[in-house]
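Protein chains in written order, with my numbering: chain A, 1 to 568; chain B, 569 to 914; chain C, 915 to 1221.
A few of these clues could be false.
[Claimed, not checked] Covered, in the sense of this in silico footprint (three residues per stretch, anywhere, with C-beta under 8 Å from a C-beta of chain A), are these stretches of chain C: (1) 1001-1009; (2) 1115-1124; (3) 1138-1146; (4) 1181-1193.
It should be emphasised that the hints constitute simulated quantities derived from the structure, not laboratory data.
Using N, Cα and C, we set each Cβ at its ideal position, and we do this for glycine too.
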Amino acid sequence: MLSRTVILAIVVIVILAVGIGAAVVLLRPAPAASITLWYNSTGHYGDTEPAVAQLIKAQIEATGKVTVNLQSEDWASYRADFAKGNLPFFLLGWYPDYFDTDDYVSPFYSTAGAQSEGAFYTNATMDKWITNETASVDPTVRGAYFQQLQTQSAKDVPYIPLWTTNAHVVYDSDITGVFLHPVVFKYFIMNKPGFDHITVGTTDSPTSFDPALAYDYFSTNIINQVFDTLLVYEPTNGTLLPGLAAQVPTVGNGISADGKTYTFQLRPGLTFTDGSSLNATTVKRAIQRVISLNLQGSAEFLLEQVAALGKTPTIDTPNCPGPCTTIVFHLLQPVGLFNQIMAFSVAAPVPWWYNQTGAQQDVVNGNVKVTGDGPYSLTSLTSNQQYVLQKNTNYYNPGLYSAFGIPTIPILSKIIINRYSDSSSLKLAIQTHQINMAYRTLNPTDLTALQGSAASLNLKVDIGTSPQIRFLVFNVKTAPFNDVRVRQAIAYAVDRSSIVSNVFHGFAVTLYSMVPPGFFGPDYSSPVFQTAYGSSPDVAKATSLFSAASLAISLSMFQTDALERNWL
Amino acid sequence: MPKQGSLLAYTVSRLILALPTLLVLLTVLFLVLRILPGDPISALEAGRRSTRDIAADKARLGLNLPWWVQYPVYLSQVFSGNFGTSLGQIYLGQPVLQVILQKLPATIELATGAMLVATLVGVGTGIIAGSRRDRPPDIVVRLYGSIIWVIPVFWLGLMLQLVFAVGLHWFPPNLRYEPDPVFFPPPSHLTGLYTLDSLLEGRIDKLAISLAHLALPSLTLGLVLSGFFTRTVRANLLRTINSDYVEAARARGIRERYIVYRYAFRNALIPVVTILGLQFAILFAGAVLTERTFSWDGMGTLLLTSIDSRDYPMIQGTVIVYAIIIVAISVVIDVINGFIDPRVRY
Amino acid sequence: MGIVKPAEAEDTEKLVRSSSSIGTILNLLLQDRRTLAGVLSWVGIGVLVSFVVIAIFAYPLAPYDPQRIFLTPPNQPPSLQHLMGTDDLGRDLFSRMLYGARTSLEIMTIGVFLALAIGFPIGLVSGYLGGKLDRVLVLVMDSVYAFPGLLLAAMVALFLGKGVFNVGIAITVIYVPTYFRVTRNQTLSVREETYVDAARALGAGNWTVIWSYIAYNVLISIPVVFSLSAADAILTAAGLSFLGLGLERPTPDWGLDLSDAQKFLTSGVWWSSFFPGVMIIILTVGLSFLGEGLNDIVNPLLRKERA
């Protein structure tokens, strides 16, 4: 038998080994120059985000000049931190509220917008261009402003546009009428022969179904099934059609020459599903309600030209009482895209009895209180679990899309939407036919796998363009990103096609301008970053810019977390 | 504590002891929650343009006050049963307690199913091992007991999903019930426990669906827990088998198999009751991971969503309910123990 | 709980004599190496030591940098070039697994040693001195102990942020009560011993008695708890990573790699979640073997005075 001394010696050696090993790793010196890239880790942009961040890290590090630390946060902290200016360099995304190019420019390059995006970019010339662009309805005038805006944005680089995600939906192959519409995913034009209902799976979770509060994709999309707006979209594209209004206002016919007065004629005899009437005063009250409630996190600011905060808007209802079908908006400033705003969920009329002192609760004492006028009604709601849409048998406009070969809407009598906690659960559910349709969000690997086995599983996989853009944000007030050369160096270093192929397996499109191409005219979305920085990464240029800016970087190392270890 | 306590005195003293335990937990949780970065107001902005004064909104909700002002308010609210209303994205404005009570049955159902699996598997394997000490079955079972509890719950869940749902199509992969209420209407909501509700409604088909959905999550969590039962039952069985009265029985010529089941087993089960109490803490922690894997809409899922949206009232409410349940279970188990074994009462 | 009854004093005295040092356990280990308990313990020690070696020598052992992204299509199955295949970013899994041992052992070491360093002395003092302090401590520790560990760790990790050290701290919080309880219960039984009384009678101060007479004898129960809580710590860390509260990418960590890879499992990419899972299981099984083996070896000595 070994002596006790020998045994004790072994123990001491083992303990020392563990200790030394830990010390070697923990006391490794911090890298000379490092920057920190932040990303959201809780699936706000799907579960591909960590992979994107790690890839960008590797691309920037390929210059050999800097090391990149990654930091992630849950969405709430992330949101709070970048708005406070705590995140110097981070990944962000944007889904448009209304279908106009302005929604890709003023939130980013205007001083007020850039502040809320965490970029804190400010440029008086850009501000002026944006004001001018918003006021105009003339496409040529606006196009010229957009060219200037875009070119300047590639010079100043407060953001680096990276890619647009593809929209996708997977469904039973016998379901018809599924279109990946850029704004509204329309359940009311879908059909499944032999069935009167379909079940849909999603990983999204809603905020609220009150138009005065809802401002996220899932909630607004449900609102678009349950409420109609004055104007609505065509089945497959962003062209406006008359909804509650009898026609789309145009200059001279509903829009005044100065662009500040909009007149809408409502269809007569409209009602909500509970029988209460929907006339010009109801519309006026609903718009006033959104503005006076001014709920936190709502889209109220889209109506900021209708009335300033705390002010009563000037909305006329000239033929009330009586037919009460005319409604006139007097805007504070011309808004070229007011028609688009009137098609967004925030402008949806709500019944007279809706809570006027706060958000209308979706469920009160177990009864669903979401009452609209759209093709479907929300009849059952289990928070975070199940939402049931039931056919509105009194829908005022079943022939809305008759010109597009859809004689009556809605077609299916029930749409049952179920929530799954993550993309793998959603994939399992559609794969085992627990549900008929999976809409938002499957990960690219699962999509590839489903595409491969779609035929044998009797499924269809649709991939379409999405108006959602993804980009990098620099807080231009913090070192080293206050040096434009550092931002430009990173613009040279990023490899968009590698992200698209390695992470998204092709289910994404490279993006060289904050305005995605394909939706608007070429003037609006010229690929300015491709022109300025090339379509493939230029490591040599990035390296030399980093070197030129080396002072800024060496100063910034004191700001990085000393405990953060670099594994390279 | 009374020196020579009656069961009643013991029960009362345990109840009195439970109150400070709860208070300590509440304090610890309050301190942790209010120091966290991030806040619900910003989460509500959901990545959009901020035109609101976040500070003003926080002031309205009292989140800007120093903790020593918030603390007494918080305590008085908890003890008056008013958990506040949700500040998170999903349950905004809904009373916290109401939401929790909706989700609680799902977790109770999962916990019960898992406990059942764990007890059956654990006690079964424990007896096999304990009655055949150091023989091959014992070694196999001990290996099982050592390995099963170190398999990550979410990994085991995924494996079971792949095998039994995707591969064999025996069980549905996730959710508590079929997602199609037209073909598969769920049982009427009486207790919230789908299995029990189906029975109350007298619908065997609904019971079958509920059980099929309950199967995989219960199996996942139950198997992981069963390791602990295996070890305890085995150890206790060995102890009682070697004890004096079993030796006496053996000396009287009673058959070994009979001794194991009749004498040793019954006595070996008593300490299992004691460890049951501790198992609930592990059970609830494991249930959080299991719920996430199986899209099981219970307390765990609720807690995780609330953490993501920094929904203070909801996180606090959920955690308080967890704490209350655990404290209550420990009291019940201590009292049962005091009843079985009066020595514990000293 | 834990108060020694007079009839058992004799056994305990034997225990105290025979267990006068940690070395006793190792002697027992050597004596018992042919029994199942001995074999289990030695397997556990073997696993632990090999992982320590892997962790220390990860750099020379790993064929590639764990961060290197191979620009071939990602998710390559195992091959001669990549023994365990590559992950969803095209990184070599084998190298990541080796470096992952480092991360796991660091978390485990920080978490469990800190818990021991805090729980053991508090338990000793609390158990020896008794009184009001003891009651308050027991109340606080028991409250925390009864609460689901993962949830508590999740809260603390959320508060502290990510990183090896922070996860270590979050895990410490869970196990301080464990060490406190074990130590205190042992102390309660040892402090009534005749030789402790004798020492007191001879005028030894409280601190002398605690450190010279009690601490040494309480230590024998620690290795068992240590191995089991270490195994549990690794699982808790993996659980935190699964919930997105653990480490920051691209730190090579089994739990993180596993939770990042499991979403690809249903699409036929099995290797990137299989190997991290296996690594976690081997290390934790090793530790639990060690704990269980030690328990069987040490317990016959302890059984009588553990109520």
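Evaluation of the provided hints:
1. 1001-1009: holds (count 3)
2. 1115-1124: violated (count 0)
3. 1138-1146: With 0 residues close enough to chain A, the hint is violated.
4. 1181-1193: Held - the region 1181-1193 of chain C has 3 residues with a Cβ nearer than 8 Å to chain A, which meets the minimum of three.
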